[in-house]
Amino acid sequence: MNPANRRWTSTTAHVCGNALIFVALAMALSALVEVIEGDEAPAMFVAAAMTGALGVGMRRWTRTGVLDRSMVFTAVGATWVLVSVVGALPYVLAGTFVRDGAGALVVLADAFFESVSGYSCTGSTVFGVHNPIEAQGSGILLYRQLTQWLGGMGIVVLVVTVLPSLRASGLGLIDAEAPGEGADRLAPKVVDTARQFWKVYGALTVIGAVLLLAAGMNPFDAVAHALSAISTGGFSTRNASIGYWNSVPVELVVMAVMILGAASFTLHARSYRTRRFVHLVDPEFRWYLGLIGGWTLVVAVLLAADGMAWTRALRMSAFNVVTLGTSGGFGNATGAGSDGDFAVWAAGPQVMLLLLLVVGGCTGSTSGGIKVIRLRIGVAHAYRALRAMRRPRAVLHVRYGDGTVPESLVERIAGFMVVFGMFAVIGTVLVAALGTDLVTAFTGVIEALGNMGPAFGEAGPTASFVDGYSTPARLLLATLMLVGRLEIFPMILMLIVPYRSIRQVVPKGPLRQLRERRDQRPMGA
Amino acid sequence: MRTLFRRTSNPDWGSLSSAVATGAAVGGLGASTLGLASGLLDLTSSGADAWSLLSGSVVAGLASVWLFRRVRSPRRHEAADILTGVTVAFLGMVLLGTLLYLLTGTLTDPRDALFESAAGFSTTALTSLDVDALGRGMLLFRAGSQWVGGLTALLLGVAILPALSTDRELADRHTGTGRKPLAPSGGRAAGNVLRLYVGFTLLLGIGYLVAGAGPLGSVLLAASTASTGGFVGPGQPLADPAVQWVAILGMFVAGASMVILWRIVTLQWQGIRRSAEFRTYLLLLSAGTLLLGWWSEAGGPDEWRETLFTLLSAVTTTGFPMEAVGPWATAAPVLLLLAAAVGPMTGSTGGGFQLFRMLGLVKLARRELMRQLHPSLIARIRIGGVVLSEASVGRIVLQQFLFVAIVVGTTGAVGILGLDLATALAAGVHAAATAGPVRALDGTFLEAASWSRPVRLALVPAMLIGRLALYPALVAIGTAATGIQNRLRLRWRWNALAKGRDR
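The listed protein sequences correspond, in order, to chains H and R.
The first sequence lines up with residues 250 to 774 when you count with this note's numbering.
The second sequence lines up with residues 885 to 1387 when you count with this note's numbering.
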């Protein structure tokens, strides 16, 4: 008998296993760096070995099967949850978050939070003054940056590059994981599409690292920040983030890399293939640049009106607009209360930044938020409904670029925005109920759903999330980060398959029997 | 005189111009009638404001009648033009109210007068007045403006919008059997609404009087409870538990749909039981009260009563002030702000987004979830057994979009003008939902008078648009914008033609 036939058919477990192998490789690479500079190399090697063993085991004893839509969501959702949980192992074993007065559960919760924040490219952190980032070894720091880099392009996309057996199902997986309205196919084969995405991603990371090196960072910091800038993650190797360097060239390079990360990677790949800069042909990218540019000017004017010098206002505005508009999440504040600390700005510029937290970058990018194209079509949809009031019998279409948007897409976008809003509202109530004030709770939930990074109030760019939120609230925010990273639906629908399985096993209750009997009754009976 | 008010024999006016003129006349008549009543009442006390109120109202009333007689309406009005007319009527009342505040000298700055008038007619519980310094006439005018604002909202929500087929399902005028609960036509529905509203206000007034609020206090409280306005007269009448109970009952009924009230009056109990929106209203009130009471560590019946009062005041967007019952939980302002934003039932005098629309959004979210699994799924959205048309679903999404846009825009504006983020957010939500008063994060009330004039002025558009259920105001703005656009386009074409001719 073929040994492959003895394997358990489960695409979910197979994809999870492969994803864990990549995570183990990232841990192993970080452990090697920790050997050079740091004390926690043994713990990291153990974490890598455990993760690797689990991944290899899952890959070895399972095989891929046919995927229907519910299975696709289960596979993608389960992979992200498992990777986030197992990804916390290095922090747990190295005791990264052990501090005075924090119990074991709090330490575990912090490790999970940092792991989720990394893989979902959110960039919120539980490091802070009480536990400075600078006190960690290089290996742990590199691992943090790698979590964002892996999560940026998508761990499932990475898995698809090495799993030709997925065939057409692979596109479904990429589609469920990719931000925005579906993934573009760059090549006839799904595997080739995934590989092209990763090649472009890798190339941009290298370019970013070289530019940061030229701008004045040391090699380690340059690589680390290139990893988290292209993935629009926002983790830094310094407590003060980019503010540590207080350098215009560094800020400009980070901004440029973040803007590239928040643009569609399909456009990057096409530009590379055609050797032409095709970005400006894309209406979403044009809108995106316009949005960033316009917002920068408005915030700069508001800051200047509030007493900041014009050049300084422009610099602070540009960096913070780009970092939040791309869902990057870096900060350029040199300290609490400094010019770059937007948590102490006046309410006007804060509200402008708050809007950016919701918007995010372009479809098919590494950024979070609801995406520019959805906002553009949502506004056009609203305007159409308003015009329909004046012309009730007119057949009005939503136009985008040179074409007309299909009604099914308009409805999907409207539905997504409604669901996003509901999660934001319910999340805010829950986080506030766990002991957080209105502003910190609301902005924390928005930034978690949009995978942005810093919030406002007590969790601003210079603060730690330990200061702003209780441990249960942080766990809730971590869950919302995962929900936001997969754009909500996959994380809910991943529960469909287990739910159906449970329904088959659990005996029918009287209510269900009654309902089934009612459904089977002929019409009119 | 007879010639002046004689109906003109000119040919019919255009749909838009006649709607706008009629709107202005109706608005002027509404505000001047209120002014007259207030002036007459003022004569019974000091009479300091009486002559200003009476003379201003008489002039405005005569001008309105003259305008009304001049209008020659066409046989049929466009729906958008009627909505524009309603907006103009509302704006007319607000502007006339502003003039009366200035004429009586109650407020000397036009910006303050505009804010106060807008807060009154939009039934927002924000005021910069010192109520203890007001005479009887002005007290009645302030509370009465809320009553008129509440009536406008009711007529708009229950009679005008459904008759124009723009919000038919939202006003619950169609049941599963196709029966229209209030009346077969918009005109009769408006009559029934007026009867119910007046009757309800009278009952409330009697209730307050029996509870010990005093004659004038009862009138003021009844007007502001029925309209969910939240204006309270001098002497803190709401401190009395008996008055509080009447207010609780009044706010509950005011937040329920007029259709529900009609069914109660006509003893159609089955319709009430079937109403999904009413069940949600009850659920929201119960769950909210329990949560707020739990967070505030409410123990005795008095504390639970005050908790229920606080929640009802927020949900119905009435805005009667009530100090924090116990320790102020961090989540309490979030819950109350959310309650005000969601608001009570459609077809009530309350503001906010309103429950029926919220239910529609929840169902829409559920359908989108199912469509992720089955992309070709064709599913209708049903609420309480009634299928919502896709056009209605689209309008609900639009309203959500507009509501959020107005809140964000107002928050940004007042933030730029000097409020901190938490206060700006609360002020933005309260203005758009026509609720109030605004609380600080620690639960204390913030006085609108302590904000700068530009901040208060920035809240006015949100209050007015929020009271007009968003749509009519935006349609009116759209009409004005289209008019300007067409005129510019015409001028551009004319110039182009002229250039061509010169060549």
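What the hints contain is simulated information worked out from the structure, not anything from laboratory work.
A few of these clues could be false.
Claimed, not checked - Chain H stretches covered by chain R per the calculated footprint, using a threshold of three residues with CB under 8 angstroms from any CB of chain R: (1) 314-325; (2) 740-749.
Claimed, not checked - Here are the simulated DMTMM-like pairs of lysine to aspartate or glutamate, each with C-alpha atoms no more than 20 angstroms apart in a straight line: (3) H:K438 - H:D424; (4) R:K1247 - H:E660; (5) R:K1247 - R:E1274; (6) R:K1247 - H:E656; (7) H:K448 - H:D424.
Quick reminder that beta carbons are idealized off the backbone N, C-alpha and C, glycines included.
Now for the hints, and whether the structure bears them out:
no.: 1; hint: 314-325; verdict: holds (count 3)
no.: 2; hint: 740-749; verdict: holds (count 3)
no.: 3; hint: H:K438 - H:D424; verdict: holds, 14 angstroms
no.: 4; hint: R:K1247 - H:E660; verdict: holds, 13 angstroms
no.: 5; hint: R:K1247 - R:E1274; verdict: holds, 12 angstroms
no.: 6; hint: R:K1247 - H:E656; verdict: holds, 18 angstroms
no.: 7; hint: H:K448 - H:D424; verdict: holds, 18 angstroms
When each numbered hint is compared with the structure, no violation occurs for any of them.
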